[in-house]
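Once you've looked at the hints, dock chain B against the given chain A.
Going down the list, the sequences are from chains A and B. Mapped onto the working numbering, the consecutive letters of the first sequence carry residue numbers 1 to 403. Mapped onto the working numbering, the consecutive letters of the second sequence carry residue numbers 1001 to 1205.
Hint data in this document are derived by calculation from the structure and do not stem from the laboratory. Ideal Cβ positions, reconstructed from N, Cα and C, are used throughout, including at glycine. There may be inaccurate statements among the hints.
According to the in silico footprint, chain B covers these stretches of chain A (three or more CB under 8 Å from chain B) [as the list claims (entries may be wrong)]: (1) 43 to 50; (2) 317 to 324.
Under the rule of at most 35 Å between Cα atoms (straight-line distance), these lysine-lysine pairs were calculated in the DSBU-like manner [said to hold, decoys possible]: (3) B:K1010 x A:K336; (4) A:K386 x B:K1043; (5) A:K71 x A:K155; (6) B:K1100 x B:K1169; (7) B:K1106 x B:K1159; (8) A:K200 x A:K359; (9) B:K1169 x B:K1043; (10) B:K1151 x B:K1100; (11) B:K1016 x A:K386; (12) B:K1016 x A:K336; (13) A:K386 x A:K359; (14) B:K1151 x B:K1169; (15) A:K336 x A:K386; (16) A:K71 x B:K1016; (17) B:K1159 x B:K1110.
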Amino acid sequence: MLKTLINELVEKWPELWPILAAIAVILAVVPFLGLYMTFIERKLAAYVQDRVGPNRVGPFGLLQAVADGLKIFLKEQIIPDHVYTVLYFLAPTLSLMTAMFALVVMPFGPVPTNYTGGFRFIVAPGIDIGILMMIAISSLSAYGIIVGGWASNNKYSMYGAIRSCAQFISYEIPLGLSIIGVIAVAGSLNIEHIVDAQSKSIWDWNIFWQPLALLIFFTSALAETNRLPFDLPECEQELVGGFHTEYSGIKFVLFFLAEYTHIVTVSFLTALLFFGGWSCPGIPSPSTPEGASLTYMLLGLLVLVLKVSCVVALIMLLRWALPRFRFDQLMGLAWKGLIPLALVNLIGVAIVLSLDLPKHLLVVTAVLPVIAAYYSATQFNASMAKLNSERSVLSKSRAMSYE
Amino acid sequence: MSNKKTKTVKWGEEPKLGMLDALYLPAIVSGLATAVRHAVSGKPTTRQYPEVEPEIPPNYRGVHRLNRDEQGRVKCVACYMCQTACPANCIEIIAAPAPKDDPHWKDRDKYPATFTIDELRCIYCGMCEEACPVDAIELTSVYDLTGLTRKEMVFDKEKLLSVFDETVKTGKDPVRTNRGTLGPASEEAPTGRQGPPPPGRGKHG
Chain A
1 MLKTLINELV EKWPELWPIL AAIAVILAVV PFLGLYMTFI ERKLAAYVQD
51 RVGPNRVGPF GLLQAVADGL KIFLKEQIIP DHVYTVLYFL APTLSLMTAM
101 FALVVMPFGP VPTNYTGGFR FIVAPGIDIG ILMMIAISSL SAYGIIVGGW
151 ASNNKYSMYG AIRSCAQFIS YEIPLGLSII GVIAVAGSLN IEHIVDAQSK
201 SIWDWNIFWQ PLALLIFFTS ALAETNRLPF DLPECEQELV GGFHTEYSGI
251 KFVLFFLAEY THIVTVSFLT ALLFFGGWSC PGIPSPSTPE GASLTYMLLG
301 LLVLVLKVSC VVALIMLLRW ALPRFRFDQL MGLAWKGLIP LALVNLIGVA
351 IVLSLDLPKH LLVVTAVLPV IAAYYSATQF NASMAKLNSE RSVLSKSRAM
401 SYE
Chain B
1001 MSNKKTKTVK WGEEPKLGML DALYLPAIVS GLATAVRHAV SGKPTTRQYP
1051 EVEPEIPPNY RGVHRLNRDE QGRVKCVACY MCQTACPANC IEIIAAPAPK
1101 DDPHWKDRDK YPATFTIDEL RCIYCGMCEE ACPVDAIELT SVYDLTGLTR
1151 KEMVFDKEKL LSVFDETVKT GKDPVRTNRG TLGPASEEAP TGRQGPPPPG
1201 RGKHG
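In isolation and in its complexed conformation, chain B is listed as follows:
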């Protein structure tokens, strides 16, 4: 009714073809020119995959790894946080008390006797990583995970630790790694103190 409403629709007009355009020839020639330009440019956008690997961003969520601490022990304290957080139920931990008589383990209460992740069931959401209070489990940028059997794809503790060794060796640490600023549980307990640290201490407190 109002002028405003009727003016909202714009009708497009077909462009008028000239004599040459009606022959289609200029369009064909320009199309051919585009084809030839790309053909002689010699800059392929594809990548020769097995020889040239793609640059994976450091925040990629690939295969898991279990981190080691400075003494080479598994950093995991078997708190079951990741197993609880996991939406796909792919993590299975069996905890064991740390061998108290071994001086190597004297600062730890628990450690994972077994730690298995079913890589086929995992959905690579990264929630285990978020849940971990000691940054023991991390998702790496390893993307080419293959195997011949399902059994092979269930990673145990040794396999996960070896993923850590491999990724550390190649220098491809995940961007989320908090090296040095770890949660309180992973820090070496001050001598003479027993029991859990007081709340509010440290970054993750």
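The following block holds chain A by itself, in its conformation from the complex:
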């Protein structure tokens, strides 16, 4: 039995080791990234607020992240009396697990479309449902939050979890709808193919053809990561700490790590789907023979990491530029703003693609829905104002008749 297993392993080893290596890279990098993203976020927040930020531990405070990690590892494990213990422990694990699992199909470096063998910057190369699987898995992370909120047996945690669930369900729709346009242009769900379709020149990047889709995608992605301005599930002023009120120590860190993993995922997706991923003028695509060399691979990796860090910086800066939404505004934005816009945009893209119209018309499909939305909104407001004024006249005349 064991012998057959070992034989199997030896036999499959050439296919197995690149996967294991990629998993090892992700498992090694993501917690480290999460640790240092907190540091970068604190530092950036400090600069925005005219402060200095952490600068005591190590040069420029660089060891602050390590000190924080160490401190939180050594913390006492507090289990409140009133929690459902099994679910209470399950929730943070679930949260981080789903966040990490979504990284399986995410290329974190240049991946050729004609994959043959050897190490590649992705755990599972050539998955034909790549982006679909990624969205499916990452929306599972709502479970971690809702289980955590429920297990805490505390109304603030529960409110946070409910809000989070509603937010996830609402923003999942515009997120998916905005991606469909991109998928339709590339003609594939495979992320490598989507990037490859953008790699001819800088004008092939989806941001130029689908700016509205980018806007909708980025907004919904921010909501999916529970970041400001959409951090309703954990807004301190109303909900103490939201779903992680009862969590401390290493369990809290798992939630935190999941959140930062989500930010990384979303930033990667934005860069891959809309900013051409690893493609950059001057660097040949890894699918071509000359682009498959190690130098170009590493250059592509650098380009991708640069693009991703720009998106991460934007997400962190947005936190200090925008106030938090009220909950009804949050729901209104998704259901009354983003979903109709995304649908109209998608229909436009579908018309342009299926009738083989020139590609430039894609921009029109992005701009037209916005204009239409604006005019319908002004019409609606005007009619509401007219209605209100009629009502007020009516009530005034009634009031006079009572006198």
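Below, chain B alone, put in the same frame as chain A:
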């Protein structure tokens, strides 16, 4: 009823949003621009406290000190004015007659044998300073007063005098110091005269 009264209330009108404004994008971009401007300005308003100390104004009311006169003696004449004035009852003085046979003390009648201030009970109102006829007690700009025990925070005469030595050395004299124009009781009595000086003499008379 009159036109004047009805016109006092002004109703604000919501500004009309243009097409771009309705997208929120200009507002978001200007918000981001503000954030970036502050981030790259590189002028933090915070101070690195233990390394960079704040500039304390000279009229700050911090830790007390007992002043010395030119001969290095405690300037206090044990008149109990500060103890009486103190609203927090934190000053305790035990007076003693000045050693008459010592030529060093021949111009003084009384001096404080002990002078203790409970720095924890003190409310730093500065009334002792106002009450003192000889400007012997003063509040300095020393603000970082810490201690590990309550006992440590009860300052005796030696400790208060050492605060004077420290603050004089660093050149951080309180702004209220009346050096040179002190009350009559602290001035050296004219030779051959005994008893209190006649009223109306000197600045504090």
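To see whether the hints hold, each was checked on the structure:
Given as covered by chain B, the region 43 to 50 of chain A passes the check, having 6 residues with a CB less than 8 Å from a CB of that chain where 3 are the minimum. For the region 317 to 324 of chain A, the stated coverage by chain B holds: 5 residues have a C-beta nearer than 8 Å to a C-beta of that chain, and at least 3 were required. Only pairs whose Cα atoms come within 35 Å are accepted, and K1010 (chain B) paired with K336 (chain A) is accepted, the gap being roughly 33 Å. Between K386 (chain A) and K1043 (chain B) the alpha-carbon distance is near 51 Å, which puts this suggested pair outside the 35 Å criterion.
With a C-alpha separation of about 29 Å, the suggested pair K71 (chain A) and K155 (chain A) falls inside the 35 Å cut-off, and the hint holds. The suggested pairing of K1100 (chain B) with K1169 (chain B) holds, with an alpha-carbon distance near 31 Å, which does not exceed 35 Å. Only pairs whose Cα atoms come within 35 Å are accepted, and K1106 (chain B) paired with K1159 (chain B) is accepted, the gap being roughly 25 Å. At most 35 Å may separate the alpha-carbon atoms for a hinted pair to count; K200 (chain A) and K359 (chain A) meet this at roughly 15 Å.
At roughly 33 Å between alpha-carbon atoms, K1169 (chain B) and K1043 (chain B) fall within 35 Å of each other, so this suggested pair holds. Simply put, K1151 (chain B) and K1100 (chain B) have alpha-carbon atoms about 34 Å apart, close enough for the 35 Å limit, and the pair holds. Proximity of K1016 (chain B) to K386 (chain A) is assessed by CA-CA distance (about 16 Å); at most 35 Å being required, the pair is judged to hold. As the CA atoms of K1016 (chain B) and K336 (chain A) are separated by approximately 20 Å, the hinted pair is consistent with the 35 Å bound.
The hinted pair formed by K386 (chain A) and K359 (chain A) fails the criterion: a straight-line CA distance of about 42 Å is larger than 35 Å. This hinted pair checks out: K1151 (chain B) and K1169 (chain B) have alpha carbons roughly 26 Å apart, not beyond 35 Å. About 22 Å separates the Cα atoms of K336 (chain A) and K386 (chain A), which keeps this hinted pair within 35 Å; it holds. A hinted pair counts as satisfied when its Cα atoms are at most 35 Å apart, and K71 (chain A) with K1016 (chain B) does not qualify at roughly 52 Å.
Among the hinted pairs, K1159 (chain B) with K1110 (chain B) is consistent with the structure: their alpha-carbon atoms are about 20 Å apart, no more than 35 Å.
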